[in-house]
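Colleague: Just so you know, the sequences run in chain order S and A. Counting from 1, position 14 in the first sequence corresponds to residue 14 in my numbering; the numbering is continuous, with no gaps. Counting from 1, position 137 in the second sequence corresponds to residue 137 in my numbering; the numbering is continuous, with no gaps.
Rather than coming from a laboratory, the hints here were simulated on the basis of the structure. Any given hint could be a false lead.
Stated by the list, open to error - Below, in silico cross-link-like pairs of lysine to any residue (SDA-like), each with a Cα-Cα straight-line distance of 20 angstroms or less:
{"no.": "1", "chain 1": "A", "residue 1": "Lys76", "chain 2": "S", "residue 2": "Leu50"}
{"no.": "2", "chain 1": "A", "residue 1": "Lys96", "chain 2": "S", "residue 2": "Asn115"}
{"no.": "3", "chain 1": "A", "residue 1": "Lys96", "chain 2": "S", "residue 2": "Thr87"}
{"no.": "4", "chain 1": "A", "residue 1": "Lys76", "chain 2": "S", "residue 2": "Asn115"}
{"no.": "5", "chain 1": "A", "residue 1": "Lys96", "chain 2": "S", "residue 2": "Gly100"}
{"no.": "6", "chain 1": "A", "residue 1": "Lys76", "chain 2": "S", "residue 2": "Gly100"}
{"no.": "7", "chain 1": "A", "residue 1": "Lys102", "chain 2": "A", "residue 2": "Asp51"}
{"no.": "8", "chain 1": "A", "residue 1": "Lys96", "chain 2": "S", "residue 2": "Leu50"}
{"no.": "9", "chain 1": "A", "residue 1": "Lys53", "chain 2": "A", "residue 2": "Lys96"}
Claimed, not checked - Covered, in the sense of this in silico footprint (three residues per stretch, anywhere, with C-beta under 8 angstroms from a C-beta of chain A), are these stretches of chain S:
{"no.": "10", "stretch": "1 to 11"}
{"no.": "11", "stretch": "34 to 43"}
{"no.": "12", "stretch": "80 to 92"}
The beta carbon of each residue, even a glycine, is placed where N, CA and C say it ideally should be.
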Amino acid sequence: MMEWVLYACLAIGLLFNFLAVVGLLRFPDVYTRLHAGTKCATFGSIFLSLAVILYGLWRFYDGNEAMAALSVHAFIALVALLLTNPTGAHAIARAAHRSGVVPLQAVVDDLEEHNQQSMPTSQEEKNVE
Amino acid sequence: MWAFIGTTVFCFIVWLALSFNGHMWANDELLAGAVLSVAAGVVARTLFVRDFKMAHPKRWLFFLAYLFPFFYEMAKANLDVAYRVVTGRIRPGIVKISPGLKSDIALTMLANSITLTPGTLSVDLDEDNNLYVHWINVDEGALEEMPRPCRPVCASFSQWARRVAE
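In isolation and in its complexed conformation, chain A is listed as follows (with noise of 0.2 angstroms):
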């Protein structure tokens, strides 16, 4: 029931922005809204929420506070990434980290920033929750250690995502 609320309250929400055009809206546009977010509400609740734990407004505020070293990281990878397309200087290789991580919204938002910042590209997943990552610049000491330093590939992230979403 209440994953039926969520979904809908969110589909009405993202409706509402959607069709803002800078005054209020009209009752038909609002009423068409909530009908479309029922619907998509009773298809999609199992899809959008799985558990509750992300319910909680204090993982809210991780997340937003997640954004800042987020775009830091990116910002300063997309330069070098940038200085790697000029020059052609590249070190390509596919290494294996273990952020140590279980639950699937936490990997996926994991493997998403990795794949944001520049010169890492996270390739595959196996069964044991390692992350496969394209490194474009693979570092010399990383390839001493088996799996390889979560450190240098993800920098912080792997901590951000547990504290957000684990």
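Next up, chain S with everything else stripped away, as it sits in the complex (with noise of 0.2 angstroms):
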């Protein structure tokens, strides 16, 4: 029984994360790859570090005391995995728009209007110095 909610975890991160990798090739620009490669990897990832604590937690109420260690220490790598992977998305995409990345087949790109927006005026205050 509780093999076949192990295997369940296991084959939707396993499936999240496959799906992932379709989106990274799939989609035409660098937004939209990051689109698929930081969620769907990160939901995928929630599910695999599922199964590890999930596994470690079935082997301690077993009896093996060392397993629990498995369970904490997939649960600090799951926080971390939460806290650092949007934050590096985050940055990558900024990097990106900021270096003149044009976001392909964009409907409306509200970034580059306030960039335009501000820009002109910077200049000119230094045209003034």
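Put the two chains together into one complex; each comes in its own frame, and the hints tell you how they fit.
Modeller: See the structure below:
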């Protein structure tokens, strides 16, 4: 019974990680690829970590005390992943937009408009100086 | 002083969890952890604790309660992105939203939540605390207003971020 729960977690995790890879290959530009590469990967990794945590707890319940450490460590890894993954994606997206990567097929780009509105004023200030 | 104590205690708890191996900790392990935690507390106290607003237990309870709608949204939106990966139907665009939050912690929490729920990815933040969000499937109706409505982009996250950290 417990094995099947673990297999289900592993299957869901692998499915979403697989979808992340497909998305990386399929999507047109850096932003949409980040969507696939960070989020599906995070969701998949949550389920993979969950499988490890459940396995550790199961073994701990059976009397193997050292296995509780597996659960604790996998949980800390999961928290670290949840904190760092969106931050990294945000940094990459911001750097890409600052270095002038245009979102392909975009229907709207408010950030570009904002930058164009604020750019001339900063140049005028420089000219005044 | 309280900033130093809080940072040290937090570091020590993380150390205990990381060095846990199913038995009680050995004395030398605890000593090494204590020394390193104090060192980390001295160095990082001004980075880890800016003010004591977050020390209120009510905020922690709100944070724990927030995890449930967050994971629900995350699961729902992941299925949506899985559908988009398979079919390739996307309408990307960068939209501007003003969540009306001021504190750094609330904005960080909101931006990270937006990024983790698939379909949206926070790109940048301007001086007036407006977020710029890359949205993989821009809604027609959302383009009529400026700044764009918060609701379709970040669900109820901005209210939760306000409750937890504002």
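Colleague: Need the status of pair Lys102/A, Asp51/A: alpha-carbon distance at most 20 angstroms?
Modeller: Given that 20 angstroms is the threshold and the Cα spacing comes to 14 angstroms, the pair holds.
Colleague: Holds or violated: Lys96/A with Gly100/S, Cα cutoff 20 angstroms?
Modeller: Judged against 20 angstroms, a Cα distance of about 18 angstroms means the pair holds.
Colleague: Is Lys76/A close enough to Asn115/S, meaning Cα to Cα at most 20 angstroms?
Modeller: 33 angstroms, violated
Colleague: Between the stretch 1 to 11 of chain S and chain A, see if three or more residues pass the 8 angstroms beta-carbon test, and mark the coverage as holds or violated.
Modeller: Our answer is that it is violated, as 0 residues pass the Cβ test (under 8 angstroms) against chain A, missing three.
Colleague: Can the restraint linking Lys53/A and Lys96/A be considered satisfied, given a maximum Cα separation of 20 angstroms?
Modeller: Violated, at about 28 angstroms.
Colleague: With a cut-off of 8 angstroms between beta carbons, are at least three residues of the stretch 80 to 92 of chain S near chain A?
Modeller: holds (count 7)
Colleague: Quick check: the stretch 34 to 43 of chain S, covered by chain A? Criterion 3+ residues, Cβ under 8 angstroms.
Modeller: holds (count 8)
Colleague: Check the hint pairing Lys96/A with Thr87/S against an upper bound of 20 angstroms on the C-alpha distance.
Modeller: At roughly 19 angstroms apart (the allowed maximum being 20 angstroms), Thr87/S and Lys96/A satisfy the hint.
Colleague: Is Lys76/A close enough to Leu50/S, meaning Cα to Cα at most 20 angstroms?
Modeller: 18 angstroms, holds
Colleague: Quickly compare the C-alpha distance for Lys96/A and Leu50/S to 20 angstroms and report which way the hint goes.
Modeller: 35 angstroms, violated
Colleague: With a cut-off of 20 angstroms on the C-alpha distance, tell me whether Lys76/A and Gly100/S pass.
Modeller: 32 angstroms, violated
Colleague: CA of Lys96/A to CA of Asn115/S, is that 20 angstroms or under?
Modeller: Satisfied, since the Cα-Cα distance of roughly 12 angstroms is no more than 20 angstroms.
Violation of the numbered hints given earlier is confined to hints 4, 6, 8, 9 and 10; the remaining hints are satisfied by the structure.
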